[in-house]
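J.: Spelled out, the chains give:
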Amino acid sequence: MFRQLYEIVLLNLKSIPERLGASLVIIVGIAGVVGVFTALFAMSQGIETTMVASGDPLNGMVLRGGSQAELNSTLGRDALDLAARAPGVRKDARGEPLASGEIIVIAELPKKGGTLGANVTLRGISPQGLALRPQLKVVEGRAFTPGLQELLVGRGAVDQFEGLGVGLTVRLRGSEWTVVGVFESGDISESEILTDAATAQTAWGRPNTFSTVLVALESPEAFGPFETALKLDPRMSQVEVKNQAKYYSEQTEQSTQGIRLLGAVVSIIMALGAIFAALNTMYASVSSRTREIATLRAIGFGGLPVVSSVMVEAMLLALVGGLIGAVITYVVFNGMTVSTLGGNFTQMVFAFQVTPGLVGFGLVLALGIGFLGGLLPALRAARMQVTTALREA
Amino acid sequence: MGFIRFVWAGIWRKKTRAFLTLLSLICAFLLFGLLQALNVFATSGADFVGASRLITQSRVSFTDSLPIRLLPEIEKIPGVKDVSHDQWFGGVIGENTQMFTFASDPARLRRVYPEWVMTDAEWKSFENTRSGAIVGRVLADKYGWKVGDKLPLKSNIFPKKDGSMAWGFDVVGIFDGKDATWQAQTQSIYINWGYFSEANQFGAGIAGTYAVVLDDPDRANEVAQAIDARFMNSPNETKTQSEKDFNKGFLAQIGDIALIVNLILVAVFFTILILTGNTMAQAVRERIPELAVLKTLGFSNLLVTVLVLAEALFLCLLGGLIGMLLASLMMKGMAQAVPFFAGVRTDGTVWLRAMLAIVALALAVGLPPALRAGRVRIVDALAGR
Numbered sequence: 001m002f003r004q005l006y007e008i009v010l011l012n013l014k015s016i017p018e019r020l021g022a023s024l025v026i027i028v029g030i031a032g033v034v035g036v037f038t039a040l041f042a043m044s045q046g047i048e049t050t051m052v053a054s055g056d057p058l059n060g061m062v063l064r065g066g067s068q069a070e071l072n073s074t075l076g077r078d079a080l081d082l083a084a085r086a087p088g089v090r091k092d093a094r095g096e097p098l099a100s101g102e103i104i105v106i107a108e109l110p111k112k113g114g115t116l117g118a119n120v121t122l123r124g125i126s127p128q129g130l131a132l133r134p135q136l137k138v139v140e141g142r143a144f145t146p147g148l149q150e151l152l153v154g155r156g157a158v159d160q161f162e163g164l165g166v167g168l169t170v171r172l173r174g175s176e177w178t179v180v181g182v183f184e185s186g187d188i189s190e191s192e193i194l195t196d197a198a199t200a201q202t203a204w205g206r207p208n209t210f211s212t213v214l215v216a217l218e219s220p221e222a223f224g225p226f227e228t229a230l231k232l233d234p235r236m237s238q239v240e241v242k243n244q245a246k247y248y249s250e251q252t253e254q255s256t257q258g259i260r261l262l263g264a265v266v267s268i269i270m271a272l273g274a275i276f277a278a279l280n281t282m283y284a285s286v287s288s289r290t291r292e293i294a295t296l297r298a299i300g301f302g303g304l305p306v307v308s309s310v311m312v313e314a315m316l317l318a319l320v321g322g323l324i325g326a327v328i329t330y331v332v333f334n335g336m337t338v339s340t341l342g343g344n345f346t347q348m349v350f351a352f353q354v355t356p357g358l359v360g361f362g363l364v365l366a367l368g369i370g371f372l373g374g375l376l377p378a379l380r381a382a383r384m385q386v387t388t389a390l391r392e393a
Numbered sequence: 001m002g003f004i005r006f007v008w009a010g011i012w013r014k015k016t017r018a019f020l021t022l023l024s025l026i027c028a029f030l031l032f033g034l035l036q037a038l039n040v041f042a043t044s045g046a047d048f049v050g051a052s053r054l055i056t057q058s059r060v061s062f063t064d065s066l067p068i069r070l071l072p073e074i075e076k077i078p079g080v081k082d083v084s085h086d087q088w089f090g091g092v093i094g095e096n097t098q099m100f101t102f103a104s105d106p107a108r109l110r111r112v113y114p115e116w117v118m119t120d121a122e123w124k125s126f127e128n129t130r131s132g133a134i135v136g137r138v139l140a141d142k143y144g145w146k147v148g149d150k151l152p153l154k155s156n157i158f159p160k161k162d163g164s165m166a167w168g169f170d171v172v173g174i175f176d177g178k179d180a181t182w183q184a185q186t187q188s189i190y191i192n193w194g195y196f197s198e199a200n201q202f203g204a205g206i207a208g209t210y211a212v213v214l215d216d217p218d219r220a221n222e223v224a225q226a227i228d229a230r231f232m233n234s235p236n237e238t239k240t241q242s243e244k245d246f247n248k249g250f251l252a253q254i255g256d257i258a259l260i261v262n263l264i265l266v267a268v269f270f271t272i273l274i275l276t277g278n279t280m281a282q283a284v285r286e287r288i289p290e291l292a293v294l295k296t297l298g299f300s301n302l303l304v305t306v307l308v309l310a311e312a313l314f315l316c317l318l319g320g321l322i323g324m325l326l327a328s329l330m331m332k333g334m335a336q337a338v339p340f341f342a343g344v345r346t347d348g349t350v351w352l353r354a355m356l357a358i359v360a361l362a363l364a365v366g367l368p369p370a371l372r373a374g375r376v377r378i379v380d381a382l383a384g385r
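Same order as they appear, the protein sequences are chains H and P.
Quick note: the first sequence uses our numbering, first residue 1, plus one each step.
Quick note: the second sequence uses our numbering, first residue 1, plus one each step.
Hint data in this document are derived by calculation from the structure and do not stem from the laboratory.
Note that the structure is predicted; figures quoted are calculated from it, not measured.
Think of the CB as a built atom: it goes at the ideal place given N, C-alpha and C, for glycine as much as any other residue.
Heads up, a few of these hints could be off.
Calculated lysine-lysine pairs in the DSS-like style (CA-CA distance at most 25 Å, straight line) [stated by the list, open to error]:
(1) P:Lys244 to P:Lys81
(2) P:Lys244 to H:Lys112
(3) H:Lys246 to H:Lys231
(4) P:Lys124 to P:Lys146
(5) P:Lys124 to P:Lys178
(6) H:Lys91 to H:Lys137
(7) H:Lys91 to H:Lys231
(8) P:Lys154 to H:Lys242
(9) P:Lys178 to P:Lys248
(10) H:Lys231 to P:Lys154
(11) P:Lys76 to P:Lys244
(12) H:Lys112 to P:Lys248
(13) P:Lys81 to P:Lys124
(14) P:Lys142 to P:Lys154
(15) P:Lys178 to P:Lys81
(16) P:Lys160 to P:Lys150
(17) P:Lys142 to P:Lys332
(18) P:Lys244 to P:Lys178
(19) P:Lys146 to P:Lys178
(20) P:Lys248 to H:Lys111
(21) H:Lys246 to H:Lys137
(22) P:Lys150 to P:Lys124
(23) H:Lys112 to H:Lys137
(24) H:Lys231 to P:Lys160
(25) P:Lys244 to H:Lys111
(26) P:Lys295 to P:Lys14
(27) P:Lys178 to P:Lys142
(28) H:Lys231 to P:Lys161
(29) H:Lys246 to P:Lys154
(30) H:Lys242 to P:Lys160
Listed next, the stretches of chain P that the computed footprint assigns to chain H, with coverage defined by at least 3 CB atoms under 8 Å from CB atoms of chain H [stated by the list, open to error]:
(31) 29 to 39
(32) 152 to 160
(33) 268 to 275
Could you build all of it, start to finish, from the sequences and the hints given here?
T.: Here is the structure:
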């Protein structure tokens, strides 16, 4: 029995080159499915990874109530002082509270390789702003000097926009701003440009306002008392406090959801198409070997080995197709950085991530298609009437 | 008629294969329809307005509001016929449902955007009601709003003087579009700028972006440059472009997603091309003796070629139409169920592209076997060589 199985499977596989054209159909079809599946989910994976890395769960963001995004929020000048003095705020080594008043404005800059502009977040931060972002490393040049119109640009923004290299100038609000450094942080901030809050406030004619106040809290339990203390103050009653990590994941929930849905729908429909194509190919493969299979049956090979041989062929071809699709996607897309619209109506830069888990899932998908595509033709092969089949041309 | 029946019979010569090929074609065009709908949505909106108006925005970005004091200066620039202004209000209803709401001057809006159609009484009422709002027909139908209703609109940007974000307006008019394309765009709300300007906490004088009507549309570039030159080196530097370019830039923000959707389309189509092409070639191979018989009966080479090509075209057409029909139905469902896809639909452009794709696909997969069928030599074929 097992000997029969082994012989017939081997025979079948050895004859694949004779049916190369038809076999290629399965391989190409499934490579397409797995490639598209992996690419789409690598995209949502990339966005998610960027988001998970963004925001410290111990950081609180003070926003005006109901504003939903930083860009919409406006707070008065006193918000920074009140938040910094509220209970639960962590202090640095010198005993200064870790709190940064931040002003968000949007600048439209030309995208690389295109004539159209896209929005980038320009964030003015207070002196403690960098201390609140310990993951941020200046990798080129230096940080901006408070009081000067200088910019510290995220790696993602440098890659996506024209003219953000160190030493170059950007024209904003009627004057020139110099790029003095580039930073990396592995999160969403890399899509942003940082500058001094006071300088940005002056340039944008909003001297007494911040968009948000970012504070470091002592512990997760400190959020409640911190928010209550702010709300009890009549000058601050309209605010809400958000967990910075949660804020970022909420901001992109909609777009990752959309991409995942798109990925799922596209993959399912493509997989169906590939199953039909595989069925076609395997039926043709079985029918071209009608006499061969009948002969095998006549000399004593059982039904099971015949079924198995067809199934093994289909699944092996599927696996090869799946691997090719995954490899192509990996080579073309892995690490590719792209940008799309993020939370503040500005560009969010992220990299495709082809993870082992995704590739594994893609291969399982390929095998599933091979299995379904091989099953019916295999059963047909096993049910053949030996006598009629032998007489067929 | 006889020819068509013959082609039909040829397609279904092998039922299983024809059926499976048809199903994979349906899948391909279902995907084509869905992805093209997304693609058209992401790129086209820009095409629907002419270059007759200019949009002046802050040079920094369109989210930076320009002050109202620029209005008389823009009006003074030669070639400018009329000007209106729109401020993004950040309108929200319910928990978190965004409404495209703009604060505009009613009289100017009416003059500059003749595409919005409303009765005289409604326009008058919009001008005279401080807390008045007008709602686009599509939006009004969706939420069941009528003239006289209270509009429970909040802002996620602008507090009122008392600090409250809940504004609330009275619906004083429902506007239509001047034609079908504009009608489809009636998904916004306009509120009375005068009231907005007085009542918001950040002070009067925020105008947003300006829409400029020209005396002579051919001088658009010249006037745009004159406007930008006027505010050069001021804190409110401007960027003036045609309405079309403005919309295009707006949509370009979606950025690489559109590119990726296109890449997927290419991958899908390439895959299907190989799959169907192979099946068709196989079908022709099997039928070579049959084709030789046809030629013996007096069918010309050309007719045999046309016959095979017609089979490919029929099969592609059938699969393509069913697939597109399914795509239209699915897109409708998805647009209603998921906010991300709201407004995406398989419109005329998508159908047109699908038709082109069907023909292109039929030619690509049908032509090689068709030519081969035309070249079949009777003697060889009948002898099985």
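J.: Are the hints correct? Go through all of them and say.
T.: Hints, one by one, checked against the model:
1. P:Lys244 to P:Lys81: 19 Å, holds
2. P:Lys244 to H:Lys112: Holds: Lys244 (chain P) and Lys112 (chain H) sit about 21 Å apart, inside 25 Å.
3. H:Lys246 to H:Lys231: Roughly 20 Å separates the two Cα atoms, so the pair holds.
4. P:Lys124 to P:Lys146: 17 Å, holds
5. P:Lys124 to P:Lys178: Holds, because 19 Å separates the two Cα atoms, which is no more than 25 Å.
6. H:Lys91 to H:Lys137: 21 Å, holds
7. H:Lys91 to H:Lys231: 21 Å, holds
8. P:Lys154 to H:Lys242: Holds - the C-alpha atoms of Lys242 (chain H) and Lys154 (chain P) are around 20 Å apart, at most 25 Å.
9. P:Lys178 to P:Lys248: Distance ~22 Å between Lys178 (chain P) and Lys248 (chain P) Cα, so the pair holds.
10. H:Lys231 to P:Lys154: 21 Å, holds
11. P:Lys76 to P:Lys244: 24 Å, holds
12. H:Lys112 to P:Lys248: Given that 25 Å is the threshold and the Cα spacing comes to 17 Å, the pair holds.
13. P:Lys81 to P:Lys124: Given pair Lys81 (chain P), Lys124 (chain P) holds - Cα atoms ~22 Å apart, limit 25 Å.
14. P:Lys142 to P:Lys154: 18 Å, holds
15. P:Lys178 to P:Lys81: 21 Å, holds
16. P:Lys160 to P:Lys150: 17 Å, holds
17. P:Lys142 to P:Lys332: Status holds; Cα separation ~15 Å.
18. P:Lys244 to P:Lys178: 18 Å, holds
19. P:Lys146 to P:Lys178: At roughly 20 Å apart (the allowed maximum being 25 Å), Lys178 (chain P) and Lys146 (chain P) satisfy the hint.
20. P:Lys248 to H:Lys111: 14 Å, holds
21. H:Lys246 to H:Lys137: Cα-Cα ~23 Å, so holds.
22. P:Lys150 to P:Lys124: Answer holds: Lys150 (chain P) to Lys124 (chain P) is near 18 Å, not above 25 Å.
23. H:Lys112 to H:Lys137: 24 Å, holds
24. H:Lys231 to P:Lys160: Measuring from Cα to Cα gives roughly 19 Å; hence the hint holds.
25. P:Lys244 to H:Lys111: 19 Å, holds
26. P:Lys295 to P:Lys14: Answer holds: Lys295 (chain P) to Lys14 (chain P) is near 21 Å, not above 25 Å.
27. P:Lys178 to P:Lys142: Given pair Lys178 (chain P), Lys142 (chain P) holds - Cα atoms ~19 Å apart, limit 25 Å.
28. H:Lys231 to P:Lys161: 19 Å, holds
29. H:Lys246 to P:Lys154: Holds. Lys246 (chain H) to Lys154 (chain P) sits at ~24 Å (cutoff 25 Å).
30. H:Lys242 to P:Lys160: Between Lys242 (chain H) and Lys160 (chain P) the Cα gap is close to 23 Å, so the pair holds against 25 Å.
31. 29 to 39: holds (count 5)
32. 152 to 160: Satisfied; 4 residues make the cut.
33. 268 to 275: With 6 residues close enough to chain H, the hint holds.
In terms of the numbered hints stated before, the structure departs from none.
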